[in-house]
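Student: These are the residues of each chain, in order.
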Amino acid sequence: MKKQPLSHLYLRLKSQEILLQKGYDRLLCLQDISIEPKPWQIETALKALGDMQGSALLADEVGLGKTVEAGLIMKELIHRGLIRSILVLVPSPLIEQWKAEMEEKFSLSFTDMRQKGWEKQELLITSLQYPIRSKERKEKLLTKTFDLVIVDEAHALKNHQTSLYKFVYQLKRKNTILLSATPLQNDMREIYNLINIMKPGYLKSRRIFRKEYMIDRFTPKNVKRLKDLLNDVMIRHRRANTLTELPKRSLINSEINMDVLEKTFYNHVTEFCKKIHVDYDKKTMSIMTLILLLKENTSSPQAVISTLENSILPKLSKDDQKECKKLITLGKQVTVTSKMKKMKEIVSSSDEQYIIYSEFQHSIEHLRSYLEKNGFSVVTFSGALNSKQKEAVIQTFKEGNAKILLSTEAGGQGINLQFCRNLIHFDLPWNPMRIEQRIGRVHRFGQTKEVQIYTIPTSGTIDEYLLYILTSKINLFEMIVGELDTVMSYMKEGNETLETTIGKILLDSKDSKEIEQKMKKIGEDLVKARNEFVETETQSSKLLNHIGVETHGES
Amino acid sequence: MENHELKTYFFEACSFLHIDVKETNPELYQLIFPKKLHHVFKEEQLNVTFKKEYQHLASFITTESYVLQKIAHLVTQQTKGMSHAFLSFSLDALKQEAKQKFSPDCTIMFQQEKKTTHIYLVLWCKYTLKGFKVEESLKAFKYNLSTREISPLPFEVHELFLKLTEAKSSIPKIENIEEITETMLQKANKEGSLFVKEKTKEVEKELEKEIKRIHDYYDLLQLEDAFAETASTVETREEREESLKSERYLLIEQQKIKYTFHEEDLTIEPVELLWLTEEIETCEMIVSNSFGTQHFSLSGEMENPFVCALTKRTEGPFTLLSDGRILLQEKARVCTECLHTFDHTQMKLCAVCDTSICHSCAKRSSLSQAALCSKHVTSCQGCRQQVATNEIQECGSCRDPYCRSCLSGELCELCFDLY
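Quick note, the sequences are listed as chains P and V, same order.
My numbering puts the first residue of the first sequence at 1, with every later residue one more than the last.
My numbering puts the first residue of the second sequence at 1001, with every later residue one more than the last.
Rather than coming from a laboratory, the hints here were simulated on the basis of the structure.
A virtual CB, placed ideally from N, CA and C, is assigned to each residue, including glycine.
Errors might be hidden in some of the hints.
Have a look at the derived ranges for each label pair, beta carbon to beta carbon [what the hints assert, rightly or not]: (1) Asp1216(V) to Lys116(P): 39 to 47 Å; (2) Glu1241(V) to Asp228(P): 29 to 37 Å; (3) Phe218(P) to Ser1243(V): 27 to 35 Å; (4) Lys22(P) to Asp1323(V): 20 to 28 Å; (5) Arg1240(V) to Gln121(P): 29 to 37 Å; (6) Gln395(P) to His1056(V): 23 to 31 Å; (7) Ser349(P) to Leu1046(V): 34 to 42 Å.
Based on the provided sequences and hints, a complete structural model is requested.
Tutor: Laid out in structure tokens, this is it:
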């Protein structure tokens, strides 16, 4: 063995000592994640893991990144080899976003319980209601012991008499993390119920809690003692204390009218989809394919043509194939749409850089060639690129070597583009969470300028209705980051996604009046959810502030 | 780790990794990474500070900070070798100490001085125990190449390295090094169960607290059920009781799983080796004074061999007692009767003259039980018991000495009868 100087051995041993883990004095997972957590997020994770020993109620105000805090806790426990099985329960509209966020930020791949073979997976995610809708699923989950159970938007557990509450209470688990910006609304017992699910008996029995800490439903007593008790199991940060206010974001709507050819194609595609929906059974023609086609119809004829040629045409009868081919020929005549022209107009209006989002690869490719022909420098970002190529594209754009970044949904997640402030939704996802994710790439920590969000809705199409709901009803484009998640959690949980609901409205409605009416109903539901959330948040803050639940980590 | 230690370590580690450190102002340093580390730090340069107030300008270095952890990790990843250290347990310091610490009435002599050399292989192992949290510790064992004995190395890293010097000679080829390290690892594994027990004990309180919470809660629920005004049917009551029982059991089991460390959750990883030549000087120390002589075995590895037998203090000055013990001089007393030395707890004061007398020499008054020196003890003419001289009165008639209990008036019993 080679002889080494004694000073080297000393250095190595000191290094070993420095690397020793003793409790939770630091997060070791930071080198394995692709985000730089905020100081209060790190502090929350350390407190939840250390002092609170893995079970905590994370009650930060909306927009401070409770999901990141939960991700940090999970990743740290996994990194240290302390846990293997995790069950994440979230409101159903948030499943996709949660999965994507965990994958991109923490490299944690969760299996949706709707997938086959979920029983064999260790990292599971599902909606709050899904497990209890089937006795078999419920039983399967209740036989397992999870190392960690996470419940997002945990205010759903405020009533201990619901079957959801009873189910979560029965889940065998070593650690429990509950996330809610509104852990109580207008009854002190709600917070008791949340904490009792996490640590049964920590606040004694319901009866004693009522006697010791409540004057009435809204008014606490023995506030000092209650505050001390809550501070040992609950972490709450407030926006005002974390200096996280981001610059404003504003919406610029540039409504367009289609020309005759475009309109004809658009209407023919819609009618064709309706016809196929009625004439073919679901096995031959899945409703999801038709919804995809309808969505593409709001983007570009090129996207529609691709789906018609590849996914629809081969499954059609001879007569319908003729019809379909006619449609394809018609679409091919539409080379430059009114939307593209408007987009060109927008990007020409200033010397600044622009990010243009579309859900569809064929739209992106067509846009690229159109923009390049018009003298713009363009880079394209999509899920088809490998990580090195992705990095190179972002670097080119960041260094100012391209004016425009064209991106599919794959670019809508996991990358940081806060150096740019202009974002164009070439088409509008029917899932508001996706819209929020796109905006989140530029409207995030590090953004110093006002963010300008451009939409190009086409008059008389579903775009128009959708945008009306998102702007006039819930004011999506001016929401605080993360607020939409919570609003969505207040929506009554149905069996299908908003995307599918909108698709079905288009397919099943007789005329535009019926579409308008049904879309109005969606709008009303969203308004109801938002109002409920706003009211709850106000009440919750009022009560928690009265009790004086500590605001940690003022930075 | 104190801030100055951290700073020293950081600069040494940077130099070891060929990272240039430039002081840009007294509290800010610029690290310039060599090319091979660019991918690790994802940059070529980095500003660092050891003061929190400057963290808005540079990465704040603490033991937990990302940069320091990364650097520490890189240091441990460098190609390993084996160091050869010399550990000398010389008597020089002890001899000097003896001369300084004993009072001038003592004569110190050293005899039979000799040197013994042992060759050891030292192995540091990292213990990692994973339960509901991770507990890690660094432990070292030394293997005596002559006797094949393995014993724990009783020094912390920093403490040990203060004693070590670089040995100039090369390390001889060890044929069976793998076998030796394997034996040492077996010893480390045996010590592992102690480590697990120690850590389990540390979390036992937590577990007890959690179990108590669950028991208290379910006891309360059962009590509340028993006094519930709306009495449920017998069946539902039974069902409820059963479900509470099973919930209570399951919750407690979950806590037990969470808060228990198992031996199989312990991993022991060998991390560093050291070839150690240990030289120990020993001698016989003879301490003598007018009260006696005592022999002590001294070894260079002894720490604080001179300790007051009474107070356990080590700073001296010491003297030698007649019974051969070392004592702080201020605590030693001479018996005025036998002229031997004792510690002060073994002494009494004469109730009459306050002179020091040892337990053996002290007499006791049968009247007051007070200690007395031989000068102040006398016997009562009446009861013939020992009493203090100041407890005696003379009979008004015969002038014989009597104690207070035998002489109730002015005359002794005999004279009283005659009278």
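Student: A separate judgement is required for each hint: does it hold in the structure or not?
Tutor: The hints, checked one at a time:
Distance hint check for Asp1216(V) and Lys116(P): the Cβ-Cβ separation is about 44 Å, which falls inside the suggested range of 39 to 47 Å. Remark: the range hint 29 to 37 Å for Glu1241(V) to Asp228(P) is upheld by a beta-carbon distance near 33 Å. Taking the beta carbon of each, Phe218(P) and Ser1243(V) are about 32 Å apart, inside 27 to 35 Å as hinted. At about 48 Å, the CB distance of Lys22(P) to Asp1323(V) disagrees with the hint of 20 to 28 Å.
Range check, Arg1240(V) to Gln121(P): Cβ separation about 35 Å, and the 29 to 37 Å hint holds. Checked against the hint of 23 to 31 Å, the pair Gln395(P) and His1056(V) passes, with Cβ atoms roughly 27 Å apart. Range check, Ser349(P) to Leu1046(V): about 40 Å between beta-carbon atoms, so the 34 to 42 Å window is met.
Hint 4 alone, counting from the list given before, is not met by this structure.
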